[in-house]
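Turn these sequences into a full structure, and let the hints guide you.
Taken in sequence, the protein lines are chains L and Z.
For the first sequence, position 225 matches number 225 in my numbering, and the numbering has no gaps at all.
For the second sequence, position 29 matches number 287 in my numbering, and the numbering has no gaps at all.
Only part of the chain Z face toward chain L is listed, based on derived beta-carbon distances under 10 Å: (1) 275; (2) 280; (3) 309; (4) 313; (5) 372; (6) 374; (7) 377; (8) 380; (9) 381; (10) 382; (11) 407; (12) 421; (13) 423; (14) 446; (15) 448.
Simulated from the structure, these hints should not be mistaken for laboratory data.
This one's a predicted model, so the numbers in the text were calculated from it and none came from an experiment.
Note that beta-carbon positions come from the ideal geometry of N, C-alpha and C, so glycine has one too.
If you want the building blocks of each chain, they are given just below.
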Amino acid sequence: MTLARRIIPCLDTDGARVVKGVQFVGLRDAGEPAELAARYNREGADELVVLDIAASRDRRPTFLETIRCVAEQLAIPLTAGGGVGSLEDGRSILWNGADKLTVNTAAVQRPELIEELSREFGAQAVVLAIDARRVGGPQANRWEVIIRGGRETTGRDAVTWAREGVERGAGEILLTSMDRDGTRSGFDCALTAAVSGAVSVPVIASGGADRPEDFLAVFVEGRADAALAASIFHDNVQGLGALKQFLASRGIPVRLSS
Amino acid sequence: MSALQVTLIDYGAGNLPSVERALRLLGADTLRASEPAALASSRAIVLPGVGHFGALMRALDRGRMLAPLREAICGGVPFLGICLGLQALYTMSEEDPSHAGLGILPGRIQPLPKTAKLPHMGWNQVRRQRSSVLLRNVSEDAYFYFAHSYAALEASQSAVAICEHGVPFVAALEQGSVLAVQFHPEKSGEPGAKVLANYLEYARQKSLAGGAAG
Numbered sequence: 001m002t003l004a005r006r007i008i009p010c011l012d013t014d015g016a017r018v019v020k021g022v023q024f025v026g027l028r029d030a031g032e033p034a035e036l037a038a039r040y041n042r043e044g045a046d047e048l049v050v051l052d053i054a055a056s057r058d059r060r061p062t063f064l065e066t067i068r069c070v071a072e073q074l075a076i077p078l079t080a081g082g083g084v085g086s087l088e089d090g091r092s093i094l095w096n097g098a099d100k101l102t103v104n105t106a107a108v109q110r111p112e113l114i115e116e117l118s119r120e121f122g123a124q125a126v127v128l129a130i131d132a133r134r135v136g137g138p139q140a141n142r143w144e145v146i147i148r149g150g151r152e153t154t155g156r157d158a159v160t161w162a163r164e165g166v167e168r169g170a171g172e173i174l175l176t177s178m179d180r181d182g183t184r185s186g187f188d189c190a191l192t193a194a195v196s197g198a199v200s201v202p203v204i205a206s207g208g209a210d211r212p213e214d215f216l217a218v219f220v221e222g223r224a225d226a227a228l229a230a231s232i233f234h235d236n237v238q239g240l241g242a243l244k245q246f247l248a249s250r251g252i253p254v255r256l257s258s
Numbered sequence: 259m260s261a262l263q264v265t266l267i268d269y270g271a272g273n274l275p276s277v278e279r280a281l282r283l284l285g286a287d288t289l290r291a292s293e294p295a296a297l298a299s300s301r302a303i304v305l306p307g308v309g310h311f312g313a314l315m316r317a318l319d320r321g322r323m324l325a326p327l328r329e330a331i332c333g334g335v336p337f338l339g340i341c342l343g344l345q346a347l348y349t350m351s352e353e354d355p356s357h358a359g360l361g362i363l364p365g366r367i368q369p370l371p372k373t374a375k376l377p378h379m380g381w382n383q384v385r386r387q388r389s390s391v392l393l394r395n396v397s398e399d400a401y402f403y404f405a406h407s408y409a410a411l412e413a414s415q416s417a418v419a420i421c422e423h424g425v426p427f428v429a430a431l432e433q434g435s436v437l438a439v440q441f442h443p444e445k446s447g448e449p450g451a452k453v454l455a456n457y458l459e460y461a462r463q464k465s466l467a468g469g470a471a472g
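Laid out in structure tokens, this is it:
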């Protein structure tokens with residue numbers, strides 16, 4: 001009896017459609033959220049993440065409608081976020097069918113937000129999303145927190161911020177390597193291991209997924225509790241079932257569809 | 259045959275809509291109840307729940323739902339508690355000692371040990387303790403979705419399945435018509451849907467038997 005490592009497809013949306021870019025720029029259309037959600041639910045995804053990467057105020061109602069449509073397709077947990085800055089934002093995301101919300105930029109700007117969200121909805125519903133970029137060269141093993149969808153550096157250390165976020169009540173960390181995002185060069189295992197070793201909550205590794213071996217590496221070397229990917233699933237480069245079979249054959253506990 | 263109507267206790271829990279949806283997909287009618295009157299003629303009561311123990315008990319108290327709910331459960335109305343809805347059945351929880359639980363089951367809810375990552379979040383398997391209504395025809399190696407940091411750690415007669423995360427805890431319990439699961443059946447794919455279907459079938463049988471006797 002072991003907690004299974006989770007494989008989580010991610011739908012980056014502009015509010016309405018799934019989009020995909022490299023390191024948050026050069027977006028292109030990648031499909032209809034509800035359709036992809038239904039497919040991943042069927043193919044054995046352990047959870048789904050849907051993000052509004054535009055997160056503009058006027059598109060908000062559209063994104064909430066997207067959450068509703070996606071949730072209707074699922075018999076697995078759903079995490080949603082993008083632009084969450086208040087309890088009201090959090091409530092509307094959860095009441096439209098998400099089980100957890102992600103908070104990112106607004107929490108860096110006002111860390112008390114994590115406490116407020118956690119107190120209101122419970123730690124299990126609050127995922128702290130951290131976008132991190134390596135600083136000081138490839139050997140330094142230091143990462144800086146990036147906000148506003150990759151546009152702004154903060155000078156804040158990613159590992160320290162993860163620890164603070166958990167102390168303030170985050171129940172999970174969604175950790176994206178901005179160096180690897182969209183590059184298909186493998187997860188940043190050193191980053192993932194550094195954060196996973198520093199916090200007491202589950203860590204979802206994100207950014208750089210390509211081959212099944214990348215997932216194996218991030219679970220073993222990176223000590224990730226879950227691994228997230230987008231384009232390799234959308235583009236059918238990697239099937240969920242085959243990926244999980246591979247991981248199971250290498251001794252990683254995964255949930256195989258019965 | 260008309261569909262069974264399930265009363266869903268609505269205290270503001272985030273998972274109510276997905277529990278509602280899952281039950282409807284299985285053919286049940288659902289009714290959201292946020293006041294005592296709605297409980298009076300219930301044939302089946304589901305208490306979903308996520309978040310904080312104290313917030314749940316406070317909300318039930320504020321809605322004057324505590325006594326009617328306890329009465330209905332003790333009166334034999336088929337009850338299903340989900341996640342926090344399982345924990346609420348106990349006398350108290352160390353998550354918030356200032357609010358008493360429903361006290362249907364003896365004992366207390368305790369934190370999972372910090373030796374494991376918390377919350378216990380994700381898919382896990384359970385070990386059967388004895389034959390069960392809820393797990394009937396559910397594969398022994400099925401995975402269920404959990405998301406919690408507190409649990410019933412004391413083994414008791416009512417436990418029908420045990421899970422383990424650092425320590426063993428009650429994953430599913432049954433005592434007469436009181437049924438409860440620590441995992442989220444509404445988020446647990448096919449096996450979860452089967453658990454809910456088993457509950458609905460149990461409630462339907464019980465409702466028919468009650469109708470015939472009365």
